[in-house]
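*Asks:* What follows is each chain in one-letter form.
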Amino acid sequence: MSVVIRIYFLFNNLKRSLLFSLGLFLFLMKLAVDSLLYLFDFLYGPWALAWKILISLPLVYLVFVFVFKDFNEKFKLQKNISSDKYFSELLVLLYLLLGIIVLIYFLPENIANRGQTTSIISLYIINITACYAIIAGIYIIRFLYKWSLVHRHKKTNKYIKYLKYSIFIVFLFEIPNHFAALNSSIFRDNTGITIVSSIIVIYFLIIMLFMTNRNDWIAVLPTGKKWRLILFSTLLALLSIIVLSSYGSNSSESKTSNALYFLLFADTLFIWPLFLMLPYLLRIILSSIGTLPTSRIVERKTSEVSSLADLNRIVSQSVNFDELIETVTKLALNASGAAGAWTEIYKDETVKIKSIKNVFANHIDLLHENNELKDLFLTINETYLIEVIAEHPEFSKFQWKNIPFAKSAIIVPLFSNKLRMGTLIILHQEEYGFETSDVDVMTAFASNVSIALENARLVKDSIEKERFKRDLMLAREIQQKLLPQKLPAIDNYSLAAFSEPAEEVGGDYYDIVELKNGKTCIIIGDVSGKGISAAFYMAQLKGIVLAAAHEANSSADILIRINRILYKSIEKNMFITLSALMIDDNQGKVKLARAGHMPFLVINQDNSLLITPKGIGAGLVEDSAFQLNIQEIDYNMTPGESIIMFTDGLNELRNKKNEDIGLENLKQINKNSVYNHSANEIIEIIKQNVVSFSEGVSHHDDITAIALVYRPGEINE
Amino acid sequence: MADSNKFEIINKSESGIEFLLLKGYLDAHTAPELEGAFEALIKDGKNKIVVGFADLDYISSAGLGVFMAFIEDIRNNGGDIKLACMQPKVFSVFDLLGFPLLFEIFDSEKEAINQFFKEDTNNVG
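For the record, the sequence lines run as chains A and B. Going by numbering that gives the first Met the number 0, the residue at position 136 of the first sequence is 135; the numbering climbs one at a time, nothing skipped. Going by numbering that gives the first Met the number 0, the residue at position 115 of the second sequence is 114; the numbering climbs one at a time, nothing skipped.
Worth flagging that the hints you see were computed from the coordinates, not collected in a lab. There are no misleading hints in this set.
DSS-like cross-link-like pairs, simulated, lysine-lysine; straight-line CA separation at most 25 Å:
no. : chain 1 : residue 1 : chain 2 : residue 2
1   : A       : K656      : B       : K5
2   : A       : K655      : B       : K22
3   : A       : K353      : A       : K329
4   : A       : K655      : B       : K88
5   : A       : K356      : A       : K396
Short, incomplete list of chain B residues facing chain A, as computed with Cβ under 10 Å:
no. : residue
6   : Y57
7   : L63
8   : F66
Computed footprint of chain B on chain A, listed as stretches where at least three residues anywhere in the stretch have a Cβ under 8 Å from a Cβ of chain B:
no. : region
9   : 571-581
10  : 589-599
11  : 610-619
C-beta: ideal position from N, C-alpha, C; glycine also.
In isolation and in its complexed conformation, chain A is listed as follows:
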């Protein structure tokens, strides 16, 4: 018996054993001294009263400590106290009350309030009854206190406080009663006291009723447990009423009340909690009976929620398609109370039946005989309930008779990334067997499946994307090597450059080449477009430029040769703009030629200007037309003057307001304090201007700039 085991465990603790021993000792002392007083007939005098008070106080205190020992710690530790614990404690109360009733049965009939007894045995029984009553009473208090806290609501603490104070006052009343009992029973029959008592009774009733306001925990109990609750509570209430009635309204004659008088506080501590338990039990019983009708639905809902929770868990854990489908079908079956289910997946034009529950595969195949069923399923885009399969205009046409329990069905379309990838079918053995809530749960299931499949797909895509990014970064590194790694040092000139693609790779190009006549030529180029396709042409261009340089003797010459090769090989809608600057001598004489490219920006001490030699973009026209339209300009640079070649990414640079710099502004930006600076410094200034103008907006086209400054006397390493 669990109760016996529980009592055993009570004494497990050393401290508790000590308390128990002490209490037992005190009690035995009372018995002993009472026996002496009885023998010497002093049982009803003032000495007896003094002794009663003296022994009762520590005894009651000990019982209190024993019952409430570790209450707070244990209470805090138990986060989720189950209803089973409630039942076991309720059972203990039942036994306690039964015990008391048994004892009361054995009480001698004529105990006057003075405690007159017929024998010493009766005296012992009376004392045992009183002590037992105290223990029971304190245990009842503990029960009510604990479970009011467990099933608490906002005002629980407040009500508990009221009760504590009020009970304390009631206790205070008890003491004069005991003194009064010495002299007469009149004190107890006083109408004044009766009125006060009545008020107190009603007050306590009201508080108890309000304390037990929150009874949601009863509503979610399974039906079986609800009936058990009703049974126990009713029994307990009946037993309490039996005890209370034996206590009686005519209390001076009731033997129970007289017995309880043998220990101080025995009756208060026993009767009041017993009395307070009644409204508590009443509410429990009413709540249980009240929520019986909806039990089935509550149980259903609970199981639905736990099915969804299961599904969520599986969905977030597994990225395995087959596993997912298997779990979904299984959970769908459980949640809806269906008889059978299967999931079919559509790939290309085929129907693959996966994860069948309680249906024969060949019966499903029969249904799918001529692909019409699949087409019918495809027309359903939302969870669809078929109340009676046999009466459905379209669905009844199929071979359902092979599956005897297919009387009603729910069709659940499954999507992944907005594409219809399959259908889940669940069957019920009764017509109208499914409820609306089943349809809702199925819809939720289907969404979860979609999400899970989406996740799996995204994970795969993400991994692929990472691979692409790595490849592009590699391509960028390789492309960077196509540009000059180090610029040649040219006497009397300062040369610097920078190039930044808009994406990982770009279409801008520049190089410093040696022409056939040994002269240095700076080439800058811009492939139409950007990104990977432009990058491919840029790579080709390097080869073409080097080949052309091998034969060329001036800027226009090299551009003509480049065009000749390009026109034949490049696509119709693509072209490459180019500019070439040949350094003719080291006295500042240069030759400029331009094929559709941005003008040359010349900056000297006083002003800046754009030089735009005529020329068509390379790859647009054939050789003779190109040659006809290209112009070579001789220019003499003065000391400190700089020529800047750039691609249109620079002048089309946009800021936050989406305005671009424009060629005019470019002239302005660079004019200040650029004169006679080294090429490196100029490039730095340009870079800074790019950063500050764009205001954090990333540039949308590749940017390249080359600066050549004529600085006679500058010997470069």
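Model the placement of chain B on the given structure of chain A, informed by the hints.
*Replies:* Below, chain B without anything else, positioned relative to chain A:
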């Protein structure tokens, strides 16, 4: 990069000449639309085309490429693409590239139409 800039082509037919009036931004994203418009006209055998740039705010190298892709075939069939009403900024892009040497660029649609008529009479005569 500005998010999908708007681009629109308005078709117009006048005196046997097809007009493509461009509006907005012509760049790598929107160039395919212009390609499609040219292809449709060529399929219908229409090869006298005037492209109006009055409402075009920006053109990139991809946009310029579209013209190059179709001009050879159209001219081989006795037709032409003439350009008209460019805003200064757009014109300078064409100009730098040397397009005025490859295409006829007019200030107004009227002038472009007249040029087609002149060519017709020359051909006939």
